[in-house]
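Note that UniProt numbering has the sequence shown beginning at 1, numbered continuously upward.
FYI, nobody ran anything at the bench for these hints, they're computed from the structure. One or more hints might be untrue.
[Stated by the list, open to error] Within a straight-line C-alpha distance of at most 25 Å, the following computed DMTMM-like cross-link-like pairs (lysine to aspartate or glutamate) qualify:
id, residue 1, residue 2
1, Lys107, Glu118
2, Lys56, Asp235
3, Lys66, Glu115
4, Lys66, Asp100
5, Lys66, Glu173
6, Lys66, Asp36
Please read all numbers here as calculations on a predicted model, not as lab measurements.
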Amino acid sequence: MSAATAGSVEFKGATLSFVDGGRRVEAVRNLTLRIDAGEFFCVVGPSGCGKSTLLKSIAGYHRPEKGEILVDGQVRTEPGPDRGMVAQQHTLFPWRTALDNVCFGPKMRGVGAAERREAGRRMLAEMGLAGFEDCYPAQLSGGMQQRVEIARALINEPKVLLLDEPFSALDAETRRVMQELVLSIWQARRVTVVFVTHDIDEALFLADRVLVLSRRPSEVRAELPVAYERPRTLDILASADFVAIKRRCLELVREGSALGGSELQSSRIGEKFALG
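Work out the full structure: start from the sequences and follow the hints.
Below you can see the structure in the form of structure tokens.
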């Protein structure tokens with residue numbers, strides 16, 4: 001399978017649950033969805049609606065209670081190097097340098113020291129971190145830590161990159177820079193990106209398509225294709241059609257906050273808008 005066609009994700013009637021304090025919590029109910037290979041796909045919805053659980057299920061950390069999750073047509077129930085995940089807060093090893101953190105995956109796969117360290121240096125340079133290879137996480141800013149996280153995921157050459165609100169703790173300017181960095185990585189590598197965010201502007205600026213979920217147990221409220229040509233500039237955020245679709249997206253999230261379970265069955269919108 002070529003890189004251009006690798007990385008599709010499909011949910012087939014998937015119900016996702018987790019255990020909290022010994023209690024089963026149904027996060028996502030009966031989800032049927034396809035994310036195309038190479039797509040930049042964003043997920044938004046009310047807090048606690050199961051967005052992170054959805055990502056973790058793609059990564060293989062959560063098995064669906066019902067239904068199936070497929071990557072490139074094959075069921076995935078365990079983590080694997082074909083899927084890389086970046087969390088909201090960095091999970092770097094504090095006792096390892098930036099370079100050693102990035103090289104950890106190849107080291108576990110048995111890649112030789114010289115080869116993996118050369119690959120790690122190239123990856124850090126791509127992230128704009130040349131010269132910071134020997135720094136420890138505590139010596140790096142929040143944005144730099146997230147760059148190392150992304151480098152650590154990408155060095156394994158995943159088909160699917162999973163990003164769970166990776167910029168939520170960053171200041172506005174750093175966040176903008178990181179958004180542009182992720183877009184440049186995606187455009188260069190054409191890896192499938194599944195990006196969870198609470199920021200509607202961020203979702204509409206980045207995505208080919210935005211999925212809006214209801215509150216937990218969540219179901220699909222709408223899919224919003226974003227048809228603006230790429231590369232995009234921040235100027236689109238002030239355009240009339242951007243403002244209109246943002247307003248509608250916010251309405252859907254607010255309505256979804258008040259809906260769930262059987263209520264949603266009778267009022268599901270399933271709307272599709274095109275921006276651009």
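Quiz item: Does the structure keep lysine 66 and glutamate 115 at a Cα separation of 25 Å or less?
Solution: violated, 42 Å
Self-check item: Agreement of lysine 66 and glutamate 173 with the hint, judged by alpha carbon distance not exceeding 25 Å
Solution: violated, 42 Å
Self-check item: Distance restraint between lysine 56 and aspartate 235, which requires alpha-carbon spacing of 25 Å or less
Solution: violated, 33 Å
Quiz item: lysine 66 and aspartate 36: Cα distance at most 25 Å?
Solution: Given that 25 Å is the threshold and the Cα spacing comes to 22 Å, the pair holds.
Quiz item: Quick one, are lysine 66 and aspartate 100 close enough, alpha carbons at most 25 Å?
Solution: It is violated: about 39 Å lies between the C-alpha atoms, which goes past 25 Å.
Exercise. Below or equal to 25 Å on CA atoms is what counts here, so check lysine 107 against glutamate 118.
Key: OK: lysine 107 and glutamate 118 at ~12 Å, within 25 Å.
Hint check: violations occur at hints 2, 3, 4 and 5; the rest are consistent with the structure.
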